[in-house]
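K.L.:
Take a look at the letters that make up each chain.
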Amino acid sequence: MRNIFAFIRRHFVFLAFVVLEILSLWMLFSYNSHHRAVFLGVANEVTGTVNKQVDKVDDYFHLVEENRRVHRMNDSLLNLMRANFNIPDSGQQVHTDSLRIDSVTKYRRWVYRDAKVVYNSVNFENNYIQLNRGSAQGIRDNMAVISSDGAVIGVVVNTSPNFSQVLSLLHSKSRVSAVLKGKTANGTVHWDGKDPRFVQFEGVSKDVDVKPGDTVLTSPNTYNYPPNYLIGRVAAAVVDKATGFYNIRVQTAVNFSTVQQVFVIENLQRAEQMLLEQETEKKIEQAKTGNR
Amino acid sequence: MSDLVKNIFRFILFLLVQVFVLDKIPHLHRFIVPYLYFLFILWLPFNMPRIGLLATGFLTGLALDYFTMSPGLHAAACVLIAYVRPFIIFLLIPKESSEFTYHEPSPRGMGWGPYMVYALILTVLHHAFLTILIWLQQGPFLDFLIKTGCYTAISMLLILIVELLFPRKLKYRTNTA
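For the record, the sequence lines run as chains A and B. The numbering of the first sequence is the working numbering, which starts it at 1 and goes up by one. The numbering of the second sequence is the working numbering, which starts it at 1001 and goes up by one.
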């Protein structure tokens, strides 16, 4: 016993080194696998407070750009107004939908909440975005985040009371199911970690005609994202001869280095959908064992 | 200013510069990521106990990790260089105690040659360990080699600039202090 204590005292520094290394590696690998780590809630609040203060100053440098963007958005909405359309045919009439809004609220599936980016990065392999809304404002894990122009940014992975962390599309673990607009082709969008302006779209077989400029949208078959939100546009599509699938380079619709205002989207039916999926899997398992 | 207060200021300054200046540079290339924050560990005083060095290294890395949301990544690399630092200093510092009169590692105290070697070894160690950990998650092996080289070159350049722009006033070690 005394020898053990003597050993510990002699190699105390080395042992401390080993313990700290193991601790940090454990934190790293546990975070990478399920995005949880010790003190993450507290740390998120602290970094969030600092980031928010810095962001207040940083905002002034984006004012011109943001103004222009909002003005453009306003323009596109003004163009949609009914007053702009004048139908000469008297046989046609435009009716205002008199259905009471209350009568459809129970069918609501997506809820939008506004948020502001307080920290983001594009220079790493695994990029995260921090938002100034947290669990106290109703943000939960797995909510989708889109830019205020309606293009996909990422998914919430972590929340503290007043801030939340978003797994950006520019993350080695990010996967978004996507479709090509107007074509029956779906696949997965991910990032290869090289250029933050481009993401990769995989799973489209070569019989589909893909051309540069085609629009890539979020798939209807995903729980996190509402369907038909813009991810980006095809920049280059090359058929991989070995697999018969396309390697598609997609230019993201969002400029990730300047993203400021975002929407966080909640799927109100997510829990129900997940439950249904689990029940289905359970029943399939039962059927398998029953047949045997 | 006491050592402790000075180093707390340095810690905050290095962290803020790393998170809000160096990490925010526009994306030039994926191999260009400027790291400077670990210079804080290189600048810690000579007489700091080794266990204190380890703890400081861990906290420095962890603080950066919580900003970049990679808990443990930089902490592991910082603990490594904090552990190796005393050995490198022991190798590079003149053995005669009469010459060993400075308070903390600096080009003026150690001479430019030994100081740059000291900085280079620790920088390579830090970046090699960091990129190994990133490479374990994804990417080809060649990436790891190129990244270590590129990161090191950029960091050494930054360290050189910082040492030239902000020469530290050196306190002589005296018997009274």
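For the record, the hints were derived by calculation from the structure and aren't laboratory data. Backbone N, C-alpha and C define an ideal beta-carbon position, used for all residues, glycine too. Treat the hints loosely; a few may be bogus.
[As the list claims (entries may be wrong)] Here are some chain B residues the structure puts well away from chain A; computed CB gaps all over 12 Å:
no.	residue
1	Ile1093
2	Glu1104
3	Arg1108
[Said to hold, decoys possible] Just the calculated beta-carbon pair ranges, DEER-fashion:
no.	chain 1	residue 1	chain 2	residue 2	range
4	A	Glu281	B	Ile1008	27 to 35 Å
5	A	Val70	B	Ser1002	21 to 29 Å
6	A	Met274	B	Gly1149	25 to 33 Å
7	A	Ala235	B	Phe1090	48 to 56 Å
K.L.:
Confirm or reject each hint.
P.N.:
Do the hints match the structure? See the list:
1. Ile1093: 19 Å, holds
2. Glu1104: 20 Å, holds
3. Arg1108: For Arg1108 (chain B), whose nearest Cβ neighbour in chain A is about 29 Å away, the distance exceeds 12 Å, so it holds.
4. A:Glu281 - B:Ile1008: 27 to 35 Å: Check failed, 54 Å falls outside 27 to 35 Å.
5. A:Val70 - B:Ser1002: 21 to 29 Å: 51 Å, violated
6. A:Met274 - B:Gly1149: 25 to 33 Å: Violated: the Cβ-Cβ distance is about 46 Å, outside 25 to 33 Å.
7. A:Ala235 - B:Phe1090: 48 to 56 Å: Given range 48 to 56 Å: holds, Cβ gap about 54 Å.
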